[in-house]
Structures are given as C-alpha cells and as structure tokens.
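A.B. asks: First to last, the sequence lines map onto chains U and L.
So the first sequence is numbered by full-length UniProt numbering: it starts at 1 and just counts up by one.
So the second sequence is numbered by full-length UniProt numbering: it starts at 1 and just counts up by one.
Treat the hints as calculated values from the structure; they're not laboratory data.
Hints are supplied without guarantee of correctness; some may be wrong.
To be verified - Here are the simulated SDA-like pairs of lysine to any residue, each with C-alpha atoms no more than 20 Å apart in a straight line: (1) U:Lys2 to L:Thr79; (2) U:Lys6 to L:Arg142; (3) U:Lys35 to L:Ser114; (4) U:Lys35 to L:Lys18; (5) L:Lys18 to U:Ser41; (6) U:Lys35 to L:Lys146; (7) L:Lys18 to U:Lys50; (8) U:Lys35 to L:Ile95; (9) L:Lys148 to U:Glu17; (10) L:Lys146 to U:Lys11; (11) U:Lys6 to L:Lys146; (12) L:Lys88 to U:Ile10; (13) L:Lys18 to U:Cys45; (14) U:Lys50 to L:Lys146; (15) U:Lys11 to L:Glu13; (16) L:Lys88 to U:Glu17; (17) U:Lys35 to L:Val104; (18) U:Lys6 to L:Lys148; (19) L:Lys146 to U:Asn39; (20) L:Lys42 to U:Lys2; (21) L:Lys18 to U:Gly24; (22) L:Lys15 to U:Lys11.
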Amino acid sequence: MKNNVKITRIKASITQEQLARKVGVTRQTIGLIEKGEYNPSLQLCVAIAKELNRTLDELFWEVD
Amino acid sequence: MKSWISFLLPDDEYKNIKMLYFFSEGAILLFLSLVVMLIGNKSFQFGTETILLVAIGIFLLYVSGRYIISGIEYTDISTERAYRKELKATIIKVIGFVVIFLTVYLLLMGAPTSLNQWFEIGGLLISVSIVKFLSTYVSLKRSYQKNKELL
C-alpha cells in the first residue's frame, strides 16, 4: 500500500530510527511501511500519524 | 490478540506476523510429514525414534531456516560499518563459545584420555561452531541487504 509516511517523516526531520523508537517497532518495519511492502495495523497507523502530527487520511488515504 | 504463543513472539508487529507464518508453515509441514511417515510405516517400518527425530528436525530446520533467510533478525544493521562490527562480534561470540565449552567440558569430564576422544570433542565443537557461524552470517548478510534497500 502506497503512503505518504516517508515524505512526511523527512519534512518533519525525523529519522526512520527515531520514528521507529517512538512508535515501538523496528527501523526495518518503518522502512517496509514507507516502501509499501508492509501494511501496518490500525494501531500502528494511528501511532505513526500522532508522531508525525498528521491524520490517517493525510498519511495513508489514496496515494497515487 | 491474546494467545499463549505470544511469549515466543517478538514485540515488533512485522516480525511478529512473519514468525507466526513460519510457525504455521512449519506445523503444516510437520503434519504432512507425519501423514507420509504413517502411510510409509506400513512398508518401511520406521523406528519410533527415527520418526520423532525426523519430525522435530523438519519443524526446527524449517522455522529456523525461514527465520535466517528472511533477514528479519538484525533489524538495525543498514550500514557497512555496522555490518562489519556485527560480523566481528559474531566471530568473537563463536570463539567465546568454543573456549567456554571446552573449559566446562574439561572441568566436568576431565581431559580426554585417547586421541579418539579428542577427535570426538574437537569434531563436535568444530561442527557446532561452523553451524552457528554460518547461520549468523547468512542471517546478518540477508538483514543487511534488506535494510539497505529500505533506507
């Protein structure tokens, strides 16, 4: 599933490792989500959205 | 989701799901191998010990093999420097294992009295060390490659 996590994270000047630590997963999992190779649980989506100060729509809804 | 198997699973949700897949696939392979052995037992008469060892071996080799090849063990190794550092740590751990095992063995069992016993203990140590090093090396290499692509 394509998403806006990577671009939003970079704009917020947060590294994959920092985001991973804040939401309680590994850096590899964040990388896989950003590449669209892993669909996270709703709980993790919410945690990422909160950390990046975005809504779920902005991060995960209908990305081309 | 609560299950008694949770204590065997990692906290990270991606690793958690992957491990569940590996355990499930291993369990299905184990079941199929037992069915094959049950049918084959009428013609070949496998011993109970053989059947049990093969069954345990299939499950353990499959689950650990999939885990090693999947590259999910070293989730933070994404640079050449970190990779080299971890590889060095692995070599030290293997050497440490050999030294500790040999020391404990000599203290508890005493020094081997014949050349044959030395070969036995040496062979065991070399085999275990090679398996330990190779499994760690492959897992580390796969993890590094996977993590590099995700940067």
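A.B. asks: Would you pick out the hints that fail for this structure and give their numbers low to high?
C.D. replies: When the structure is compared with the hints, numbers 1, 2, 3, 7, 8, 10, 12, 14, 15, 16, 17, 20, 22 turn out to be violated.
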